[in-house]
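Using the hints, position chains B and C against chain A.
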Amino acid sequence: MERPRHQGMVKNTYMRWRLPLVCLLWEVAMIVLFGVFVRFGPEADAHWEEEKQEMNLTSDIENDFYFRYPSFQDVHVMIFVGFGFLMVFLKRYGFGAVGFNFLFAAFGIQWALLMQGWFHSFKSGKILIGVENLINADFCVGSVCIAFGAILGKTSPIQLLVMTLFQVTLFAVNEYILLNLLHVKDAGGSMTIHTFGAYFGLTVTRILYRPNLEQSKDKQGSVYHSDLFAMIGTLYLWMYWPSFNSAISEHGDAQHRAAINTYCSLAACVLTTMAFSSMLQKKGKLDMVHIQNATLAGGVAVGTSAEMMLTPYGSLIVGFICGIVSTVGYVYLMPFLESRLHIQDTCGIHNLHGMPGLIGGIVGAITAAAATEDVYGKEGFIKAFDFTGTYQTRTPSVQGGFQAAGIVVSLLMAFTGGALVG
Amino acid sequence: MERPRHQGMVKNTYMRWRLPLVCLLWEVAMIVLFGVFVRFGPEADAHWEEEKQEMNLTSDIENDFYFRYPSFQDVHVMIFVGFGFLMVFLKRYGFGAVGFNFLFAAFGIQWALLMQGWFHSFKSGKILIGVENLINADFCVGSVCIAFGAILGKTSPIQLLVMTLFQVTLFAVNEYILLNLLHVKDAGGSMTIHTFGAYFGLTVTRILYRPNLEQSKDKQGSVYHSDLFAMIGTLYLWMYWPSFNSAISEHGDAQHRAAINTYCSLAACVLTTMAFSSMLQKKGKLDMVHIQNATLAGGVAVGTSAEMMLTPYGSLIVGFICGIVSTVGYVYLMPFLESRLHIQDTCGIHNLHGMPGLIGGIVGAITAAAATEDVYGKEGFIKAFDFTGTYQTRTPSVQGGFQAAGIVVSLLMAFTGGALVG
Amino acid sequence: MERPRHQGMVKNTYMRWRLPLVCLLWEVAMIVLFGVFVRFGPEADAHWEEEKQEMNLTSDIENDFYFRYPSFQDVHVMIFVGFGFLMVFLKRYGFGAVGFNFLFAAFGIQWALLMQGWFHSFKSGKILIGVENLINADFCVGSVCIAFGAILGKTSPIQLLVMTLFQVTLFAVNEYILLNLLHVKDAGGSMTIHTFGAYFGLTVTRILYRPNLEQSKDKQGSVYHSDLFAMIGTLYLWMYWPSFNSAISEHGDAQHRAAINTYCSLAACVLTTMAFSSMLQKKGKLDMVHIQNATLAGGVAVGTSAEMMLTPYGSLIVGFICGIVSTVGYVYLMPFLESRLHIQDTCGIHNLHGMPGLIGGIVGAITAAAATEDVYGKEGFIKAFDFTGTYQTRTPSVQGGFQAAGIVVSLLMAFTGGALVG
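Protein sequence lines, in the order shown, are assigned to chains A, B and C. Per the UniProt record's numbering, the very first residue in the first sequence carries number 1; after that it's consecutive. Per the UniProt record's numbering, the very first residue in the second sequence carries number 1; after that it's consecutive. Per the UniProt record's numbering, the very first residue in the third sequence carries number 1; after that it's consecutive.
No lab work stands behind these hints: they were computed from the structure. Just so you know, these numbers come straight off a predicted model, no measurement behind them. Be a bit skeptical, because a hint or two may be false.
The list makes no distinction among identical chains, and a pair is therefore deemed to hold if it is satisfied within one copy or across any two copies.
[Stated by the list, open to error] With a Cα cut of at most 25 Å, we get these calculated BS3-like pairs of lysine-lysine:
1) 52 with 126
2) 123 with 378
3) 154 with 285
4) 123 with 52
5) 52 with 378
6) 378 with 126
7) 383 with 52
So here's chain A without its partners, still in its complex pose:
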C-alpha cells in the first residue's frame, strides 16, 4: 500500500486468518438465514397499498415508519456514537472501543433481527420486519455494549463476536420470557437491557479476572481530549434517552409520556450526581467519570415505568435517587468489587446500568401495582398494560408481582449466561 498510515487496534493476539474467517463465514450464515426467513413486514412491503385499504387507513402517514423512525435514528446514534465514544475516556482503548463497538454491533443487529424475529415477528414461516424490529435489534445490541463496558481491554475481537452471538441469543430468550410468558411491561428495558446486560458482563469479567491487570492501571488514565470525546458520548446518550425509552411504546400518549418522564428523571439525576461527586471528592472537585456516567442513571431507572403514569415528580424522585446511588457506587462500591470480589468493572457498568437497572425494575413493579382505573381512565388502563385476551382479569397488584418476577428472571439469566460464556 502506497499511503503509509499508522495502523490502529494494536497488538491483538488473534492470528492473521481467524478474524477474517469468522467475519466472512458468519456473514454468509446471516445471508442464508435472512434468505430463508426474513421478509418485509406489511408496512414496508409494496403490497401496502392493498393493506391500507384492508385496514381502512386513509393516509400514508399512518405507516408505523412515521411513528417510530425519528426515535429509531436517535437510538441508532446512542448505540454507535453514544456507547462507542463514552468508552473513549480510557486513552489506552480509545479507538479500539469505537472500532470494536462498530464491529460487534453491526453483527449483533443482524443476529438480533433473526433471534427476536423468531420469537416475536414469526408468521407463516417468515420473519416480517419493520422499523420496530430495527429498534429492537438496536436495543438488543445496546445490552451487548453495556456488557462490553465491563470487559473492555480484556478480550480480542473474536471473543467479542462470540460473546455477542451468545448474549444476543440469551437476550432474546429472556425478553421472550418477560414480555410473552410473564406479560411484563419493559419498553425502555430496565430489566431486559440494563439489568441483564450489566450482570451478564459482570459475570463474564469476574471469570476473566486477571490479577496482573492492576499493574497496567495507569493506562486507564484519561487525557483532556479523550474526556471531551467521552463527553460527546455522554451527551448523546443523555439527550436521546427520551427517544430510547419511548421508541417502542404504544402510539400516542404512551410515547409522549415516556419521553416526558425520561426528560425529567435525567434532569434531576444531573444535579444529585454533581452534588455527590463534589461532596465525596477531596477539595470538592468534580470527578469527570461521574459526570460522564452517573448523570445517565436516571434514564436507566425509568426504563420500565416511563410509559406508565409515573408522573413528572415521580420521575424527578427516581432521578434524584439514582444520581446518588450511581455516584456512591463509583466511589465506594467499585473499589470493593475489585478488591474483594475480583470483579474488574472497567467502565463501571454496575453503577450505571446494574443498580439503576434493578431500581428501574422495582420502580416499574411499584408503579404497575399502584395503577388504578381512576388515574389511567377505563380505556387507558387496559391499553397501558394490555389487559386483553388471556390477561383480561389480571389486576395491577398481580401485574406488579409479575414485574418483580421479571427482575429475578433477568438476573438469573444474566448470571447463568455470563458464567457459560465466560
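Just chains B and C, lined up with the frame of chain A:
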C-alpha cells in the same frame, strides 16, 4: 477511590459543601413544586383515549408528539452539544464549559417548566405539560447559555446556578409580557431568547468587570483540536437551527415555512462571514472565531420572522446583512466594548446574539407590518398572526408597532435583570 | 483585534480581495435570482389553509413536512458533519476540510435550489420550494463533497467555489436526463450522486496531477485524535444513511423499505470490510482508513434499489460484496491509479463512491428488470416505478435497460464535465 483520574473543573473557589448543598436542596424544592403543580397534559395522559374521542381525532398520529418531537430532539442537541461545545474553543475552559453548561441547563429546564408553566399552561391549579413545554424549557435555558458565553471563566458553578434561577424567572416574565400582553409573534425567539439573553449576559459581565483579567488573555488562546470540537458545536447549531425556529410554530405550513426561511438565511450568512473575515484580516486569512460564530447570525436574525411570509429571498437578504454585521462586530466592536465600556464578552455573544437578535426583532416588526391578506390568504392571515378574539381588529401596522415594543421591553428587562443579578 | 488567536486555513495563494469579492458578488446574484424566481411551495405557503380544503386533507399532519423533515435533518448532518469530519483524518487539512466544506456547501445548496428548481419545480414562472427541494439541494451538494474528497489539498477556496458552480449545474442536467427523460429511479442517488460525483472528481484530480505532491506525502499521515474525529464523520454517515436513501422516496412503504434495505446492507458491509482489512494487512491488523470508509460502501450501493423490493437478504448480499470491493480497492487499486494513471485520489473516493456507485446502478437495473406484479402487488407495481401516463406500457425489462442507460449517461457527464472544469 482506586482508579486515579485527573479531576476536572479546576480551581473553583467554592467551599466543599456549598455546591452539594445547593444542588440537593434546590432539587428537593423542584420535586416538591412538581409534586404540587406539574401533571401530564391531555396528550401525554393515559386519558388521551377519551380525549381523542372528544376532540374527534381518528388517529394517534394527531398527537402533538408527532408534530414536534423530532424538532424537540434537535433543539435539545443544540442546547447541550451545540452551546456546550461551541465554547470549547477556549482551551482554558474546555471541559468546564461543557460540564457547567450541563449542570445549569439540567437545573434550568426544571425551573423553566415551572415558571413557563405558571404563565402559559396553568389550568385548574395544575401545570399540564407536553412536548411543547419541553421545547420551551430548552429555549429558556438556551437564553441562559447565551448569557453564560459572556461571563465564561469569571464565575463559580454556584454563581451560575443562582444566575440561572434569576434569568429563567425573568425570561418567563418577559416572555409573558411579549406573547400574552403585547400579543407579539416570536417563535424562534429573536427577542425573547437572543436579545434578552445577550444583553442580560453583557450587563452581568459589565458589573463583574475585572481589569486584571487581561493578563490571562493568552489562556484564551485556542488549540487545533479545541477548534475542531468548537466546530462540532457550530455545525450542530447551524444544521439544526431550522428546527429551532420552527419547533413551536403552528402546525403545517408555518413550521414548514420557518424551516425553509432559516435554511436560506443561514446559507447566505456563511458566504458573507467568510468574505468579511478574509477581507478584514491581514493577508486575507480566515479567522476561525468568525467561522465558528458569525455563520450562525443568520439563524438568530430570522427568529421572529421565519414563520411569517418572509420569503426565501428575504431570508437571504437578512442572512447576507447579519454575516457582515456579526463579523465586523468581532473585528471592530468587541475591542471597543472591552477597552471603552469595560465589557469583557468572552465568547462575543454581542456579535452573535445581541446585534443579530435586535435585527431579528426589527425584521419581524417590518415583516408583520407589511403583511397583507393577499400574501397570506384570508384564513392564513388570521392564523399566522392569531388575529382572533380580542385581537380580531388588530391591523398589520399595529402588530408591527407591538413587535417593535417587544424589542424595547426585552432590552429593558435584560438591562434591569442583569444589573440586579450582577 | 484584541484577542490574539491562531488563524486557520493557512497558506492559500489567493489574493486578499479575490475570495471576499467572489463570495459577495455571488451571494448578491443568489439574492437577485431568488427574488425573481423562488417562492414557497403550496405546503409552505400561508395559503395552505385553502390548499388543504381543495386537496381534501383533514389534518396538518398530511403536510409533506412531517413525512420528510426528520430525514432532511439527518441528511443535513451527513453533508456538513459527516463529509466534513470524514476528511479530518488527514492532519494537514483537518480544519480546512471542515471549513471549506462548510463554505462551498453553503453556496452549493443555494445554487442547487435554483438549478434543480428550474428543472423540477418550475410552475408559471416561479420555482416553488418545499422540504423535498431542501433535501435535493443537500443531495446535490453531497455530490460536490464527494468530488472534493479527490482533490482535497490541491485547490484554493475560490477554485472550489468555481468547481461547485459547475458541478451543481451539471448535476442538475444529469439528474434531469435520468429522472425525467429516461424516467429512471434513483432515490438514494447511486448514479446521480455517487457515480457522477466520484468520476467527476477523479477526472478533475487527474488533470490537476502534480508529480511533486508525492514528496509531501507524510503530511497525509493521520494522528490519533484526528482518527477519532474522522470516526465521528464515518459513524454519522453510517447511522444516517437509511435516512439518505429513504428521504425522497414515495410516502409510506417505499420510505420504510428503503430504510430497512440500507440498514441491512450497511451492517453486512462492516463485517466484510473488517475481514478483508485484517486479511490484506501485515500481521492482521486493521487499517483505520478502511474502517472509516469502506464500511460505508454498502449504503452507496443500495442507493438506487433501496426503495425497490430488494429484500433484506438481497441487501446483505450487496453490502457483503461492496465491503470487499471497496477494501480491495484501497489496498490494490488506489496505488495503481496513482502510479499508472496519475490519479491522486486523496480520500479514496473511487473505492467508496466510484465503484460502489456503479455497483449500485447495476443492482438497481437488475432489481428493476426482475420486478413482477406478483412481488409488488398490482397497485404497488405501478406506484413503485411510476408506470403511469406516457410510461403506462413500460415493462420491467425495459425499465432495467433505461436504468443501465442512466449509468452510462452519468459516467459520460462526469468525464466530460470533469474535463471541462479541470
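Flag every earlier hint the structure violates by its number, smallest first. none
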